[in-house]
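Colleague: Listed below are the residues making up each chain.
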Amino acid sequence: MNRSAAEVLLRLGDDYLINGQRLSEWCGHAPMLEEDIALTNIALDSFGAAQLIYTMLISEGIHKGSADDLAFARSEREYLNCQLAEQPNGDFAHTILRQFIFDAFAFHFLSNLKQMNEPIVRSVAAKLLKEKTYHLRHSGEWVVRLGDGTDESRSRTENAFKSLWRFVPELFVDDDIILAANKETNFPLYSTLKSEFQETIATIYGRAKLEIPMMKNSGRTTGRRGIHTEYLGHLLSEMQILRRSYPGAAW
Amino acid sequence: MTAPTKNESTVLWEVFLQERSGSPHTHAGSIRAADAEMALQNARDVYARRGLPESVWVVRTTDITTSSATDRESFFEPVKDKTFRHTRDYVVPRDIERLER
Chain B
0 MNRSAAEVLL RLGDDYLING QRLSEWCGHA PMLEEDIALT NIALDSFGAA
50 QLIYTMLISE GIHKGSADDL AFARSEREYL NCQLAEQPNG DFAHTILRQF
100 IFDAFAFHFL SNLKQMNEPI VRSVAAKLLK EKTYHLRHSG EWVVRLGDGT
150 DESRSRTENA FKSLWRFVPE LFVDDDIILA ANKETNFPLY STLKSEFQET
200 IATIYGRAKL EIPMMKNSGR TTGRRGIHTE YLGHLLSEMQ ILRRSYPGAA
250 W
Chain E
0 MTAPTKNEST VLWEVFLQER SGSPHTHAGS IRAADAEMAL QNARDVYARR
50 GLPESVWVVR TTDITTSSAT DRESFFEPVK DKTFRHTRDY VVPRDIERLE
100 R
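Read top to bottom, the protein sequences are chains B and E. Each residue of the first sequence is one higher than the one before, starting from 0 at the first, in numbering that gives the first Met the number 0. Each residue of the second sequence is one higher than the one before, starting from 0 at the first, in numbering that gives the first Met the number 0.
Next up, chain B with everything else stripped away, as it sits in the complex (with noise of 0.2 Å):
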């Protein structure tokens, strides 16, 4: 498998990682039974599919050991998902909010996956597209709900638009490898996602009734070089404590 590929997929494969062990801390918390169920459930879909990909870059040799080494053996540093997936879950609407934005721009990336040459790629995104529409439905629908709900539901909404909307820009800013991955396997830039991802937002802010945001063209693309924000830190120390204290553990 080409090196670039390679590692756009293992982006992708801790995007989902991340962003899945920020969903599983609602277990228990979430405002009611039923979204405990869904956000608990989408953080499990996102489990499998960072299994789903480390297990691929190991059996075509990028990666040596199992899907739990690249899960939770791994140092900060050299972990390449955005810096949206490590914000922390906030509120309801914040982690609402934060899960539209990621689930929209991975919905049009998969969804893109499709022009590739490497047929396992093609399929593993064909299998998680199927997941992605579902988590970006809900996502979406919630984002309505909040934003044309109630004063404090529409304000809690737009506080954490103020606080998550920066780090869009990361998410479609073409680097050396996405370029390299498009010339060499056909991956889809990430800039070219943008204007699907646009219509998306707008769509469901129109019907939300809150005011559609533009898009910043500048940000940092750090997160994807393993330079992260003060929460991934202790996101990790969190999830890697039991492996790390007890080594080759088994259920």
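Hints listed in this document are in silico derivations from the structure and should not be mistaken for laboratory results. Heads up, the beta-carbon is just placed ideally off N, CA and C, and yes, glycines get one too. Heads up, a few of these hints could be off.
To be verified - Cβ-Cβ distance ranges computed for the label pairs, FRET-style:
(1) E:58 / B:182: 53 to 63 Å
(2) B:43 / E:80: 53 to 63 Å
(3) B:246 / E:24: 44 to 54 Å
(4) E:75 / B:67: 55 to 65 Å
(5) B:217 / E:59: 43 to 53 Å
(6) E:48 / B:67: 40 to 50 Å
(7) E:23 / B:185: 20 to 30 Å
(8) E:50 / B:90: 29 to 39 Å
(9) E:36 / B:201: 43 to 53 Å
As the list claims (entries may be wrong) - Sample of chain B residues at the chain E side, in silico, Cβ under 8 Å:
(10) 31
(11) 33
(12) 137
(13) 144
(14) 147
Given chain B, put chain E in place with the hints provided.
Modeller: Then chain E, alone, in the frame of chain B:
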């Protein structure tokens, strides 16, 4: 099944799952949701986690009319003696291998 009070923002819904195309939808349980779209999603998340249903129905509990305990005597008891309503006297033809009820 009592009607929700005016202050409740979530409604109670009954969930029905269809296992195979052509099978009847069977009652799986109930969930709370504010509206039909969220009810459909919640039903899928809570009751369709395992197995592969073909379809999910959600119905507001208040839209269901049920018979009461006092109805039982006049609705159902008289039917007990009416065995002529069953197909017990038909002879199954020899060539029929399997008869599904």
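Colleague: Hint by hint, which ones does this structure get wrong, listed from lowest number up?
Modeller: Structure breaks hints 6, 7, 9, 14.
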